[in-house]
Every structure is written in C-alpha cells, then in structure tokens.
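S.K.: Sequence:
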Amino acid sequence: MSNIYVQEPPTNGKVLLKTSVGDLDIELWSKEAPKACRNFVQLCMENYYNGTIFHRIVKGFIAQGGDPTGTGTGGESIYGEPFKDEIHSRLRFNRRGLVAMANAGKDDNGSQFFFTFAAANELQGKHTIFGKISGETIYNMLKLEDALVDHDDRPQYPQKIISAEILSNPFDDIVPRTKKRDEDSENQNASEEGKKKKKAGVKNYKLLSFGEEAEEDEEESVVASKAFAGKSKSTHDLLDDPKLSAMPAVDKEQSSASDQDSDSDQSRQKTVENVRSKLKKSSNKSRIPEPEPDKVVDDEEEFEEYDFHKEKREERKRKAEEIRKEISDLKKDFKKSKQKKEEEVVRQEKKDAATDSTIEKYKNELAAYQEKKKQLPLKGVSREEFTLSLLNKFVKKLHSAKEKTEEPDEEKSKEKDSAADDDVEAGGSNWMAHKLQFEDNDPLVAKDANTKGDDWFDIYDPRHALNKRRREESKKLMASRK
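Every letter in the sequence shown is one number past the one before it in our numbering, and letter 451, counting from 1, is 451.
Treat the hints as calculated values from the structure; they're not laboratory data. Treat each hint with caution, since some may be false.
Here are the computed lysine-lysine pairs in the BS3-like style, where the Cα-Cα straight-line distance is at most 25 Å [said to hold, decoys possible]:
1. 374 with 363
2. 160 with 18
3. 393 with 374
4. 325 with 126
5. 351 with 336
6. 331 with 59
7. 351 with 374
8. 325 with 336
9. 106 with 317
10. 338 with 350
11. 325 with 340
12. 338 with 325
13. 332 with 319
14. 59 with 18
15. 373 with 396
16. 317 with 331
17. 379 with 361
18. 332 with 126
19. 35 with 126
20. 325 with 106
21. 332 with 317
22. 397 with 372
23. 361 with 340
24. 396 with 363
25. 84 with 14
26. 468 with 482
27. 143 with 18
28. 372 with 340
29. 361 with 372
30. 404 with 393
31. 336 with 59
Nothing here was measured: the structure is a model prediction, and the numbers come from that model.
Could you build all of it, start to finish, from the sequences and the hints given here?
M.R.: Encoded structure:
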C-alpha cells in the first residue's frame with residue numbers, strides 16, 4: 001500500500017469540508033489539475049457548497065455531491081462554461097479516498113465532484129482526479145456508504161455539506177465573485193446617491209422683467225397638472241376654444257376593450273418570447289443543435305409543444321434510458337454466468353481426465369476382491385474347514401519350495417538372498433526358500449590382548465617404563481652407527 005503513495009505526486013493545498021458525517025480533509029493536486037483545483041477552491045471560498053447534499057451514493061463505488069439543486073443535473077463552474085478534463089499519468093483510480101470531478105461526458109466539468117469507496121479502474125481517463133482525503137477523516141467519508149438508497153442510487157436520508165474552510169490556498173490571486181459584485185453595487189449606489197444629493201434648481205422670477213407673468217403661468221400649469229394627474233392632456237382640455245370639444249369621439253368602454261385586446265396581444269407576445277428564450281437556454285445547456293430554418297415552427301405551436309409535450313418526452317426518454325440500462329446489466333450478468341459455466345465444464349473435464357486411470361485401477365482391484373469374496377463360504381463349520389484347507393495349501397507350498405532349493409555356496413547364498421529380497425518386494429514366491437539366520441551376539445567372557453581386531457585402538461604412553469627403555473636402546477644404536 002505504501003508503494004501507491006510513493007507513485008503519487010506531492011499535494012499542494014488543503015480544504016476542510018464540514019459535513020453531517022464529520023470533517024473531511026481534502027489535499028489538492030493543484031499542479032497536476034490546476035483548473036479543477038482553482039474551480040473547487042473558489043467555489044468553497046464563495047460558500048457555493050454550503051447546504052448541498054450527496055445526491056448519489058453507489059455502495060462500493062462512489063459518493064457524488066456538489067450540486068446546489070440536489071438533482072445531479074445542476075451546478076456550474078467559475079469559468080461560466082464547462083472546462084476540459086485534466087488527466088495525469090501518475091493519478092489513477094487505484095484506491096479509496098480519491099476526489100474527482102463528475103461529468104456527463106468528455107470536457108464537461110462543472111461544480112459536481114465525487115469520492116471513491118474503492119478502486120475504480122473503469123473511470124480511468126474519463127474523470128479528472130484533483131485531490132485525496134487524508135488522515136483519519138477517510139473513516140468519516142466511509143460513513144456515507146452506510147446510507148439507505150433507492151433503485152436510482154439516491155439516498156433516502158441524504159447527508160450534506162455544512163460548510164467549507166480553506167486551510168491552505170495554492171492560488172493567491174483568487175478573489176470571491178461575491179466581493180466583486182458587492183464592490184460594483186457599492187460604486188453604483190454611490191454614484192446614484194451623488195446624483196440625488198444635487199440640489200434642485202429654484203426659479204427666481206424677480207430677476208426677469210416679465211417675472212410676474214411667468215409666475216402666473218407657472219401657477220396655472222401646476223394647478224392644471226394636479227387636476228389632470230394620471231390623465232393625458234390635450235388642447236381640448238387646456239384651451240377655452242368653442243371649436244374644440246372636450247367630449248371624446250370614442251366611448252370609454254370601447255376604448256377600454258380595445259386597450260385590453262392590445263394588452264392581451266402584448267402579454268401573449270411577451271410570454272412567447274420568454275418561452276422562446278427559455279427553450280434557447282435549455283438547448284444551449286443540453287448542447288442540442290439548433291433546428292434548420294426550414295423546420296422552424298410557429299410561435300403558438302412551439303408554445304403549445306413546450307407546455308403539453310415536454311414533460312411526456314422527458315418521461316419517455318427517462319424510461320427508455322432505464323430500460324436500456326437494465327438490458328445492458330442483464331447482458332453483462334448473462335455473459336458472466338456463461339463464462340463461469342464454461343470454465344466449470346473445462347475444469348471438470350481436466351479433473352475427470354486426471355482421475356480416469358486411478359479410478360479404472362481401483363475398479364479392477366475392487367472387482368478382483370469381490371470375486372474372491374464370493375468364493376468365501378459363510379461363517380460356521382464350513383468357514384473353518386475352508387480356512388484349514390487354505391493353511392494346508394500354504395504348508396505344501398512351503399515344502400515344495402524347500403525341495404527345489406539346493407545347498408548353495410556363500411556367494412550364491414548372498415545372491416539368492418538379494419534375489420529373494422527383490423522377489424519379496426515384487427510379490428513373488430522365492431522368499432519361501434530363504435533360510436532365516438541370525439547374527440551371533442553371545443557375550444565374550446575374556447579378550448586376548450595379543451590378537452588385534454578391527455576395534456583395536458593404538459595406545460602409546462611415552463612415560464611407560466617399557467617405552468623409555470626402547471627409546472634409550474634406539475639412541476645407543478644410532479650413536480654406535482655414527
């Protein structure tokens with residue numbers, strides 16, 4: 001296991017996730033996956049993951065979270081669009097506790113991420129690994145696997161992320177987007193307040209030569225504006241000309257009806273435009289190509305299709321995906337069971353071939369013993385007679401073997417003994433003519449010192465008187481010869 005940690009590159013950066021199952025320390029590979037780490041750190045800094053749940057848990061595989069909608073289809077990156085995968089050769093799905101980006105396809109990374117409960121080699125090259133859970137907090141992560149899930153791998157009582165804390169930030173230039181928005185809004189509010197603080201102009205009619213007339217006209221216009229507040233004004237209302245009538249040419253009811261019609265047309269047009277914009281946004285998100293100009297439908301038909309058929313189409317697609325997934329799972333299970341059966345047949349054939357010879361030999365011996373057993377009589381007087389007859393046959397056989405043998409020499413007897421031993425091992429009858437002889441192990445009362453046998457030890461004592469005399473005699477002889 002330690003070899004795995006030697007192969008992995010060193011980490012740079014650390015984030016603490018406080019969850020409902022306990023704290024999770026995540027160490028980041030910011031050099032190997034800079035985009036994914038920058039995205040994760042900035043979203044943690046902006047409290048984007050606070051309150052989100054782990055919406056998908058596959059036991060023995062992964063625990064997925066990071067979607068603010070909690071459905072598995074939401075979430076966005078800090079770049080405003082999905083960013084590319086960052087696959088590194090030294091980062092592999094070969095153990096538990098790894099943190100990687102979740103996506104719906106190639107280069108489709110947003111805000112969702114997942115933890116691994118075990119090795120997942122099938123994910124290699126498809127998802128970006130950007131961190132790992134360190135220390136004893138990995139045991140808190142494994143508690144996520146104990147959740148009760150339904151048939152869609154969705155937990156019935158989902159665990160959630162309470163808050164995120166950045167312990168070591170590998171990117172010093174990251175600034176939360178909320179601060180930028182607050183600064184922009186403060187600047188905008190300051191500019192608006194500056195405009196409001198400007199004093200309103202005061203009209204001083206005393207400075208004009210015709211100030212009194214202008215002041216009277218101003219008072220009349222103020223009175224008229226108060227009288228006709230909320231109404232449109234024309235020369236019919238302001239002038240006292242007998243040729244201009246203040247009576248409307250069209251009744252109020254007819255005008256109100258026409259206004260309502262125009263308002264309803266405008267509102268309907270607005271709703272159609274809103275629906276069209278929503279459809280465009282959804283098509284951009286799902287990356288569906290725009291329809292050809294020849295296939296463009298009218299606004300009303302599109303509006304009706306969106307209202308009445310979209311949910312049915314989505315439901316139909318979801319059911320088709322479930323059926324397709326179930327079929328693929330059944331095919332995999334059938335293939336595995338078929339392979340197991342074939343392997344079992346091959347193994348059984350090999351075993352049978354290995355045991356055929358021994359089984360055949362055993363059957364032959366069993367048949368021979370059974371045949372001999374049939375010849376044996378039942379217990380009683382007849383059984384005794386049969387046993388005695390067998391003993392007599394054996395005695396006769398021994399006598400006949402002795403008569404055949406002659407008195408051999410010693411060498412011939414040795415050869416015969418060795419042949420008899422071999423015959424005994426082979427199961428022959430030569431051993432019957434063998435003569436049993438024992439070694440003579442009688443105790444010796446005395447031993448002659450003059451006779452030297454094989455077990456005689458040479459003893460020489462230089463201090464013995466006899467040895468001293470012999471040495472002196474040998475010295476005298478040597479001196480006389482000189």
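S.K.: Among all the numbered hints in the text so far, which are the ones the structure does not match?
M.R.: 7, 17, 23, 24 and 28
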